[in-house]
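As you go down the protein sequences, you meet chains A and B in turn.
For the first sequence, position 247 matches number 246 in numbering that gives the first Met the number 0, and the numbering has no gaps at all.
For the second sequence, position 351 matches number 350 in numbering that gives the first Met the number 0, and the numbering has no gaps at all.
In short, the hints are calculated from the structure, not lab data.
Some clues are possibly wrong.
[Said to hold, decoys possible] Selected chain B positions facing chain A (Cβ under 8 Å, derived; list incomplete): (1) 9; (2) 13; (3) 79; (4) 83; (5) 84; (6) 90; (7) 125; (8) 161; (9) 164.
All C-beta atoms, glycine included, are put in the ideal place defined by N, C-alpha and C.
2 protein chains.
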Amino acid sequence: MFETAEVGHRIDKDQFDREELRLHAQLLEAQRALRDAKFPVIVIVSGVESAGKSEVVNRLNAWLDTRGVQTVAFWDESDEERERPAYWRFSRRLPPRGSIGILFGSWYTQPIVQRAFRKTSREQFAAELVRIAELERMLTDDGALMVKLWFHLSKKAQQKRLDKIVRQERRKLTPYEKSFGKLYDRFAKVSETALQATDTGPAPWHVVEATDPRYRDLMAGRILLQALEQRLARRKAPAVPAARTVQEPEVGAHRAVLDTVDLRATLSPAVYDKRLAQEQARLNALGWHAYNAKRSTVVLFEGWDAAGKGGAIRRTTAALDARLFRVIPIAAPTDEELAQHYLWRFWRHLPRAGYFTIYDRSWYGRVLVERVEGFAAPEQWGRAYGEINAFEAQLLDHGICVVKFWLHLSREEQLRRFRERKQIAHKQYKITAEDWRNRKRWGAYEHAIDEMVARTSNARAPWHLVAADCKRHARVTILKTICDSLEHALQRN
Amino acid sequence: MFETAEVGHRIDKDQFDREELRLHAQLLEAQRALRDAKFPVIVIVSGVESAGKSEVVNRLNAWLDTRGVQTVAFWDESDEERERPAYWRFSRRLPPRGSIGILFGSWYTQPIVQRAFRKTSREQFAAELVRIAELERMLTDDGALMVKLWFHLSKKAQQKRLDKIVRQERRKLTPYEKSFGKLYDRFAKVSETALQATDTGPAPWHVVEATDPRYRDLMAGRILLQALEQRLARRKAPAVPAARTVQEPEVGAHRAVLDTVDLRATLSPAVYDKRLAQEQARLNALGWHAYNAKRSTVVLFEGWDAAGKGGAIRRTTAALDARLFRVIPIAAPTDEELAQHYLWRFWRHLPRAGYFTIYDRSWYGRVLVERVEGFAAPEQWGRAYGEINAFEAQLLDHGICVVKFWLHLSREEQLRRFRERKQIAHKQYKITAEDWRNRKRWGAYEHAIDEMVARTSNARAPWHLVAADCKRHARVTILKTICDSLEHALQRN
């Protein structure tokens, strides 16, 4: 979920100053329109420790007209509050219609902290998240606009910031600050669960990279502005449900999550032969082990055209006993498949206990090609993220090992391969007009991939973004990743 | 939840024959339109043991064109099915677009049975219900029409039916049948939880009284027909979400849940004085006990105009120490209240630990007066049932004792009291034009009350329907009910 907020967004001072002027004016304008529109705006400010949440709140307050905004900080509960159901404290401090409430701390804080410190069980936490989703649905059904901001720092960035505080302020970390740094991984996992469970169409999360304060603040302001403007524009047709058509606003140069993949990675033929043989032997053994343990595996391959999915799949299946796997190539749906929910055609191929199903392209087509090409309407692909998460949760809960690959390659390498395919007789069938068309939509795909990774990558079923400019490197990485994942799953047995 | 399905609906044979002819033709007509409309219809047939579910399925099959309908019975899981995630077996047998699938047994069966036999924990059960709601939302988002039928028998009716089977078939009950009879209460509670958690706007439950087979079958057919016709009519505007405007179809003479209240109940003045004093003393002691135990109580009064809410509240508060309670009269909302979610004004008055809040009218106004008078739009009051259940669940989870009263009186008695009020000087202020207007809408209110009880009464916070033709009887009943509820809540401490 947080991959897209670790790509290194930065804004320089000049650009910030220019952008700030514009944003400030636009926010005030939107706020004026809000007064007449009479819906409440609930801004939730949350995120990892030392991401600068209070600075963001100060900045938003500086940009907004104070008469129409109130900041509500939720510290420790008072006696008054403890003696009533948990939401009483929130309900009495929500903004009235026509104004903005900035919630610094919210209904997410306690459940996440308590779960991270293991004061609540997994089930209690899950139940709490359902209650939160219900609460937010109630508010948005009633017309509220919810803007949920999560400020993220990578583990390294957080540590750096804590160190800087200590140096600048010539003091030691408080025990509280220390515990957060140490608990980073656990907090990340718990937060991810919370965010994905409450990332709904009418109340989506916005994860903001907080490493660079200028980027962080501008992005927060832009997201609030975009949400306000979209909602104000939609005011005339309030009965129509909001589709998740939101593409995050851009601040500075766009950096896609794929930009974090180091495409220089390569493997020499000699090393390749050796390592491939190693991993294939390992997978073969693991395959039989999984069969005996009745542990199923689902591997799916997505990636740019000509990134080498086919070759990688062949290297994978070559390692497995032919009785143990099926490869399901996903093309356009059949009539029978079109008569059902789009997930139906993936459900039907799920493996029996102990077997492998390898999907060559997958259910992610809904939020990739179908989104980019307009085959699915925005409300269809918009709700698919949640549907896919629920679908994969069922597989994972059933004990199935799920491995997801995106094969990434550079535009230059893709072009080289396209040309090569045209020239080599037995590869000509592989290149079609569609490939060239897709190539033109590289930018649109990048955005779709960003959102796909943000909304569907999680600790139990992460996206593996594989550098595939060097096919040898890609194949070994893929085999190793499948082996590692399956080994891990088998240990849970 | 099941109160409205224990009111004694019956249909005689002549009427059944006439109605059946008409229904049969109408269903075939709707089925023809469905073929072009190309959405799938999922009919879920479930309910208590021996309610005649298989007879209903047979009947529906007889009425429908077999080419567009398939019945899917879910018996024990096969090996094939057990080795895959639970929904695999369902996903592969859902009806394609344009046809009807009758699911005899469904995703509800296993979770309810396993919870009733305590094979799963409360938390696991709750998580399963969330998954079911997600699944159904996915299907309805995709265009499916869901018709969820629950066939109900009272405990007595079920026992009678089981006895009859034994007599007719000259055999003993199977151990399975025996266990269901004995577990009736537990099944009722678990089913109620399941139904309320999954009773959503796009996939509402229909509880059908199954005591009289003719009523049961006709009602099932009528519900299916109504759902089909409404959906087909809405086909041109599929983007607009379906509001819960569904009033259950009527089959034969309407019997309201209030008809089950025995209004002849009465109490002589002498007995009244004695019992009132008894219950008031009891409540006084319990009030202090609750204060010390920090157990809060919320009592709410709804009822027909002139049913005696004020008098009953005064008898209640007279028993309590003045420091321990507040009475909140609910009139039209203030400006400040209108600027918030409608539940906000009830949240704000929640009692601190150990105190009482008595609401004279309540949040149920949303689904009573606001519904009947059109102050709330259908989608607003339609989603209020779920919101209210979630709100009350928060109070109950926090340990608050919640007691809900509807004071019922006959139309004749109401008229007598209206006239009396007009004549007695100090009571004149109590009777307004609004009271007369409400009286005219008695029938509309009866429907609203039926739905309110069906959707918001549950084991933890049941509706108490109090016979109030005799005020003395009503007051003593109310005091006793509050005492019993509070005593029960205190034992849980």
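So, going through the hints one by one against the coordinates:
Against a cut-off of 8 Å between C-beta atoms, the interface hint on residue 9 (chain B) is violated, since the closest Cβ of chain A lies about 39 Å away. With a cut of 8 Å, the hint placing residue 13 (chain B) at the interface with chain A is violated, because the nearest CB-to-CB distance is about 42 Å. About 7 Å separates the beta-carbon of residue 79 (chain B) from the nearest beta-carbon of chain A, less than 8 Å, and the hint is met. Because the closest C-beta pair between residue 83 (chain B) and chain A is about 5 Å apart, less than 8 Å, the hint holds.
Among the interface hints, the one on residue 84 (chain B) holds; its C-beta lies about 4 Å from the nearest C-beta in chain A, closer than the 8 Å criterion. Taken as an interface hint, residue 90 (chain B) checks out: its beta carbon lies about 4 Å from the nearest beta carbon of chain A, inside 8 Å. With a least beta-carbon distance of about 6 Å to chain A, the hint placing residue 125 (chain B) at the interface is held under the 8 Å criterion. Taking 8 Å as the C-beta cut-off, the interface hint given for residue 161 (chain B) is violated, the closest approach to chain A being about 36 Å.
At about 38 Å, the closest approach between the beta carbon of residue 164 (chain B) and any beta carbon in chain A exceeds 8 Å, and the interface hint on this residue is violated.
In summary, the structure is inconsistent with hints 1, 2, 8 and 9 from the numbered list given earlier, while agreeing with the others.
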